[in-house]
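**Student:** Next come the chains, spelled out residue by residue.
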Amino acid sequence: MQLEKSKGYKKVIKWLKQHKKKPFKFQTDAWLYYAEGYSGLINAPTGFGKTFSIFLAVVIDELNADLSSAASTAAVKKKGSQIQQKRKSGLKLIWITPLRSLAKDLARAMREVCEQLELDWHIGVRNGDTPQNEKLKQKKQMPEVLIITPESIHLLLAQKSTFNYFDQLQCIVADEWHELLGSKRGVMTELAISRIRGLLIDQHPERLLRIWGISATIGNLEQAMDVLVPYDEVLKTIIKSDVEKKIEIRSILPDHIDMLPWAGHLGHKLAHKLLPIIHKSKTTLIFTNTRGQAELWYQTLLAQDENLAGQLAIHHGSIDYELRNWIEEAIHTGVLKAVVCTSSLDLGVDFKPVDTVIQIGSPKGVARFLQRAGRSGHSPYETSKIYFLPTHALELVEAAAIKEAARTQDIESREPIVMSFDALIQYLVTLAVGDGFDDEKIFFEIKQTHAFRELLPQEWKWIMQFITTGGDSLTAYNEFKKVSKDEDGLWKVKSRQIAMRHRLHIGTIVSDAMLKVKYLTGGYVGMIEESFISRMKPGSSFTLAGRVLEFIMVKEMMVLVRKSKMKQAISPSWMGGRISLSANLGSILRKKYNETLNKTHGEEELDFILPLFERQAKVSHVPKSDEFLIELINTKDGYHFFAYPFEGRQVHEIMAALIAYRLGRIKPISFSIAMNDYGFELLSEQPIPLDEAHIKALFTPVNLSEDIVASINATEMARRKFRDIACISGLVFQGYPGKYVANKHLQSSAGLFFSVFSDYDKHNLLLRQAYDEAFYQQIEEPRLAAALKRIQESKIIIVKTDRYTPLCFPIKVDSLRDSMSSEELSHRIERMTAESEKTAQVKKKNNRRKDDH
Amino acid sequence: MIIDCKGEQFILNKERAIFWVAKKMLIISDLHIGKSAHFRRSGIQVPDTVGLTDLHRLTSLMKEFEPDTLLVTGDMFHNNINSDANAFVDWRRGYPHLKIVLIKGNHDALKNEDYEALNIEVHTKELLCAPFRFIHDQPVERDEYYNICGHIHPGVVLYGKARQQLKFPCFYFGQHCAILPAFSVFTGLKILKPQEGDRFYALTLHKVIEVKRIR
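As they're listed, the protein sequences go chains A and B.
Going by numbering that gives the first Met the number 0, 736 is the number at position 737 of the first sequence; the sequence numbering is gapless.
Going by numbering that gives the first Met the number 0, 63 is the number at position 64 of the second sequence; the sequence numbering is gapless.
Read the hints as simulated data drawn from the structure, not as lab findings.
In this text the structure is predicted, and so the values were computed from the model without any measurement.
One or more of the hints may lead you astray.
[As the list claims (entries may be wrong)] Simulated crosslink set (SDA-like; lysine to any residue; CA at most 20 Å straight-line):
| hint | chain 1 | residue 1 | chain 2 | residue 2 |
| --- | --- | --- | --- | --- |
| 1 | B | Lys13 | A | Ile828 |
| 2 | A | Lys87 | A | Pro204 |
| 3 | B | Lys160 | A | His826 |
| 4 | A | Lys761 | B | Thr48 |
| 5 | A | Lys566 | A | Lys598 |
[Unchecked claim] Which residues of chain A face chain B? A few of them, derived with a C-beta cut under 7 Å, are:
| hint | residue |
| --- | --- |
| 6 | Lys480 |
| 7 | Asp606 |
| 8 | Leu682 |
| 9 | Tyr759 |
Yeah, the Cβ is synthetic: ideal placement off N, Cα and C, and Gly gets one too.
With the rest of the complex left out, here is chain B (with noise of 0.2 Å):
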């Protein structure tokens, strides 16, 4: 789905990623790289193919949208190298020419020769690149620019008719800031209870669905 964002456009992709077209700039957060790994070494049972998932669908989208940048606003890794991460490190083999630019998230405590070696050109609080600001989470304080975060791992129910309900993880653009979903499969989900003028994307199985209005 194509959408206009403070005059750019934007691809939202159902696989949880946005295209900004303008800058061929591939935009993603709350990657996880190493969660599961992380739970299996802490005597929690999750299957290596939940990190691998993830990496796959980074793939299909780096084929359909060749893009020079990728920008993760945060939570790429999940506390430390292990495993998964060493898949990682593979993965980012393939691409040597793409540029990864992270925004730090709570989440992200490699050592900096990590993020060196792997090429990757960190933000410790954000990155300001007009009009848009990424930043991990979203500021309390507004200003002249429009706030693109995660964290959250935003989600939306949809109501309807005969008390049906259901519930997908989605895209928020609100009056200051908008919020990717989580794009590890790994991951939970945050309510939002919207706000007047706020958008909402729900993504389900086969696409993006724009909501308009709940409850």
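Looking at chain A on its own, in the form it has when it is part of the complex (with noise of 0.2 Å):
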């Protein structure tokens, strides 16, 4: 039969007629490839009906199926049989959101259609937001659809008798597809689709199960789409939108260049010019990078502008999930004017009254841009409008480069994330939880996945000794108890307390821990990392959500507060990743450089910041794209050696420990390293023994591999990585965010079961797999290489100073150092603490001291 002919077709063709609507020509392939048994993903601009794409298709679907029953139930009763043949209810489609703000909205809209198409639908959502009785309910009643974050399934896998949830399941849909890649929630997502799969041939082993991703444009959709399915045997597609969204792009620039600051997160200088832009619009999403940021930009925006009180509002990760909520209904129905937001606000849903988009500082990536573009403007054909603050000189530069890459379509990729040990035991115990496992079947499952197609059998044979006996055999693991086999012949957790804090743990995002801010009073106002309010003095005051608060105290688990007296106060910085610049980027960077000083160019923004880069040429020398730049200043901090490969801050972390690796060879010296998208500092309090014509010997490809994995080790790259390895994998528990446990006695660092497996347990793969992370992750070794190769190639600029210059200066001012020494420790406590003496005596003198934080 063919699909256009298909009752269920003609009604959803017919529904949408009646509201006006035609089906774009992406979806209806959706529809044909969905009716066929394809399974695949759908890549269209935000706006276009994604989501009804593939949904409309599940639906069209289950039109069919239910008419066709009905067709021969009436056949059948015609012989006066009774049996009802109709599909039976239960879950039918698995939809995977990467943001729970999501599934509230596409909930609505899913309810929406059922109900006009007068399908017999429940749309379920269930995530950390869902509230218990809910969850019991969907436990008896699974609803046709449960709209779910990987979190969240993970949890239903930890669950007794699951297998009975998957009974009806016609198709799994991941949302946002591209968001999730390329993070270990995307292997989490891996996981459990190979396990729901797993289940359902083993019950229905005729049954067709598609799997679908709903993805954003990205560099490598053909993989993006291998990685969610990865099944020879299943028929897969990609389908394209051929509509194209249009985007606008306008930087806000200053009057003159010295307001800007050569680094620095600010840029409040121009906070009055957002105001008419604001003004002119019906809604306004300002994007910031982080949490904190946009508490201070919140503020600021009030400050300029009085009137804006009540039409302005704030929405980050860390604010209460009702204020969330509130606000997010609030931009639906257009009440408010302009709404500060990081990241939160980034995916899927529709806000119609949004047109306008301000994105504040660099947002490192073309794709993110143009995502956070597209929040504007959200109906077809409608142009998405995006304004570029830059919030210091240099990202002018980038405001450039991201234009030109979005014009020429240059978008980077996703790549997907492998052998993440810490995920598969994580999951290995989920299941261990729930119904238990076979461990031959699992294994077959996930060498099918792609997060472990490359598995080998002895790392399976540890993992799985790992979580039964702790370790293995060289290492004693007396008394361990975790997963054992059951009468059945299946790995299950016996003991209630470890089955408890896994669950409690389940989930791949780690942070720091989390206190709820409550007011005296009553009402929470949201969240706030310990290590922050540890830090505070109870009548002092801080900034969340927007408000100004003043800290009483910290009372179980809770930070109490209440309203401050206080107009401005500091605001919390939350920890979290920093984004690296993207190679793409990168390499657009490197050639607009060149075209500011030539003037070869047609943009704004380059002949805006040529005074700056005058002043660059002039106290040192701006780079051209065949030239590598190395400054070489002398302060009274030490000596610093800038290097500027603009290769991002990635790529610059490994170069940076690979080089100061390779200098610490020649004499012992210790270092301090900072980096940004730019380039990288070495910092040191004695001369750099440096061999200035022998440079491009240190910048060497030859001996990469050695080089890389010895400075790896010698800095605290890969304890850092293990931060994340050592939650995920359950040796250390965080606690819930919010909620507090009691488990003092088992606290735990990271830091410590690193230093504890370094030094009597080195077969660990864990701690393997923090060194392939703090490598391959970073970067590949051909990144690494082709730059260092391209560096090779180019003429090398030596400048020395003993002044900053434009272009060192971001970097210098940038907090997050690491460290590396190849002197001997005593040398160097001996010397440090001689030299804190002289200082104290000095500081004591000038008596004031710059507050860095």
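Fit the two chains together into the complex; they arrive one by one in their own frames, and the hints show the way.
**Tutor:** Here it is in structure tokens:
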């Protein structure tokens, strides 16, 4: 039967017509492919009904199945039989979303469709915000559609008799797949799908389970599909929309270049320029890169224009759920003029009134910038408008680079994560907490996933040992208790405490311990990191959710506050990863540096920044794309070595460690290392043993692998990576955000485990993973090698000066630092104590100290 | 390193112990025997060797100082008797004449008969031994006794020029109290903020170093 002629298809078309809508070609394509049993990936810009492409496909299938079974029942009825053959109710579609905030709106849209098509479906939501009674209801009777986060699926798998849930399942959808791909949550999604598919094959081998992803444009769509649907025997396809979203990008320029700081993350001087934009738009979303910045900008805008009070809101991940809900609701109804937000509003949700987007500071990647731009002008054929507000001068060059990348659709790839042993360990314990698992079956399943395709039998054996006996037999793990084999031959967790702790722990988003913030008089404001509040004194004030709050005390893992009389206060800085400039943007950036000085461009941003470049050229040098600039600067802080490869923070981190390591081989020396997206700094209190004639030898790609391994060993990089790994694999229990579990006696830290395993259990796979992550995830060796090769072919320019240059300034002030030393520890200590004595005396004299933070 | 504390001679050892020369007393704190096994029982993978290393270190201290008394200022055991604690029982048999005194800490939850079986003299709150008071956590009230305690696992950060810093476990000697580092290697650090007149002794792999001034 042709789909177009089917009753379900006609019904949907008719319904769309009633609403004066016509499906896009990519939507009907999706329906056709779905009907033919395909899985795959859908790629379309936001605002074009990506959701409906696949959701309606499932609906059409259901309507057709319904009608055909009704027909056959009628036929059967003639014969006098009473058998009902209608498809059973139960979970038919699992819809995975990365963000909780997406679920509510999706559910609303889907419910509307079902109502109007008279389809008796329940649409359920399940995530961290779902109330307990709702979850219990779902347990008794699963809704037909379940909108869920990857973490919540794993929680579902951690329950007993899970297999019943998936009996009627037709399709699994991973929404915003580009966002999950490239993170460990993507690995969680892969694992969950592999298990649900396995359960279904066990019970209904004849059944076809379709797996679909929905993704924004990224550089590696093919691979994205293969990660989501790795099964050879499944038919799969990529459906791309042919419609293009128009995007208009404008930079907000100061009146004079001196108004922009060279470094630093403010740019508040430009705040007044936002007001006219906000006023002439219906609703404006203002994106900042961190929660701390969002708080600051909220304050700044209010201070600039008091009329905005009540019309300006702030939205980020640490604001209380109720409050966030209210804000999202208010954006929908259009009562808000503007919302200052973070990536918390990056994705999916249709906010119809939003017609303007402002990006504050570099978005660091083309894909993210376009995604954010897409938040405005949400309906098809409308133009998305995005303004870019630079927070320091050099970001203007980034703006020009992003414009070019957007024009040429040069969009970066998201690299999927593989061999994440921590996620695998967590998954296995999850299954053991649930119905238990058969190791042969699960090994077979995970070997099919993209993430663990390369898993070796001996690695699998080690992982099984790790969760059953604690570790390999070389290292004794007496009394270890976690997963053990039950009488029915399945591996299970028997201890209720361990099971409970594990359930609380599922998830891969690792953060510092978070505390809930609550008014003394009642009412939650949001969450805050324990490390921030531990530095606060009672009576002092901070801002959260745009409010100035006075800290009273911490009681039972709750931060009690009252409204402060102060107008301004410090904003908390939430930790969390820094985003690195993508390789794409890096290379375009290098080109733009050329163009700025040569004036071979048509971009106002580059014209504007020219004076700064001329200043850089005067005190130092502006590197052209065939040059490699090194600045040697000697100040009272010490000896600085700045290098500018323009490869992005992640590459620089490794490269800096590598160069520090190689310099350290010439002479024992200690470095403090800093980097940003343009370059890196090595800082030492001793002269740097640099052979200027042979600087290329320092950057040679020869012996790269060995030197990188050695330099990673010498820094804290692997130790830092281990923080996440220890949490995910269950070594460190950090408690559930806002929920206090009395586990003091099991408290420890990732750093401690890192040392313990390094000292006593060197073969630990989690340890190896930490080094692998530091190495491979940071960059692939080829990318670093390519960068070094480029440097080899470049002309080396060495500039010596005693003043900071415009280029080096942003790196110098970066507070995130690493260190490396080839000196003997006792030497360092003696010198450091001697020095601090001196500085203490100097400080007493000066009696003034700049506060870094 | 030898220091003077209220007129008494203390030897600070890099293995996180104080030897009180006059009393032939070895003082340590926060031994946390059984912590690693406690973790293992709860499904967290900590190798046995962690607990055994602590006992080996204790043995070498016994050889070096040959003390009459071993004084533990709290958290000797981590919650209950388990395989790690059994290793300690064996260790105890090797030193039948050693007097062991324990001032109970928040983790010391063994039964009385367990302590008796191990021949450990237990003080629930404190032990006064002029001019010192041995106690697990430092008291708020001040009196004529100088407090020697443990509990918080003190650490110190050294800052150097060119933005360098290093972190170590340490002995702390303040105006009214001294704090011992945690003896067990399987413990974290709490970084202390120095006050005027405080003395810090950082513990590196090879020796004890006095840190005179910290930022």
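**Student:** If a hint holds in the structure, say so; if it doesn't, say that too.
**Tutor:** Against the structure, the hints come out as follows:
no., hint, in the structure
1, B/Lys13 - A/Ile828, "holds (15 Å)"
2, A/Lys87 - A/Pro204, "holds (18 Å)"
3, B/Lys160 - A/His826, "holds (14 Å)"
4, A/Lys761 - B/Thr48, "holds (13 Å)"
5, A/Lys566 - A/Lys598, "violated (46 Å)"
6, Lys480, "holds (5 Å)"
7, Asp606, "violated (37 Å)"
8, Leu682, "holds (5 Å)"
9, Tyr759, "holds (4 Å)"
The structure shown violates the earlier hints numbered 5, 7.
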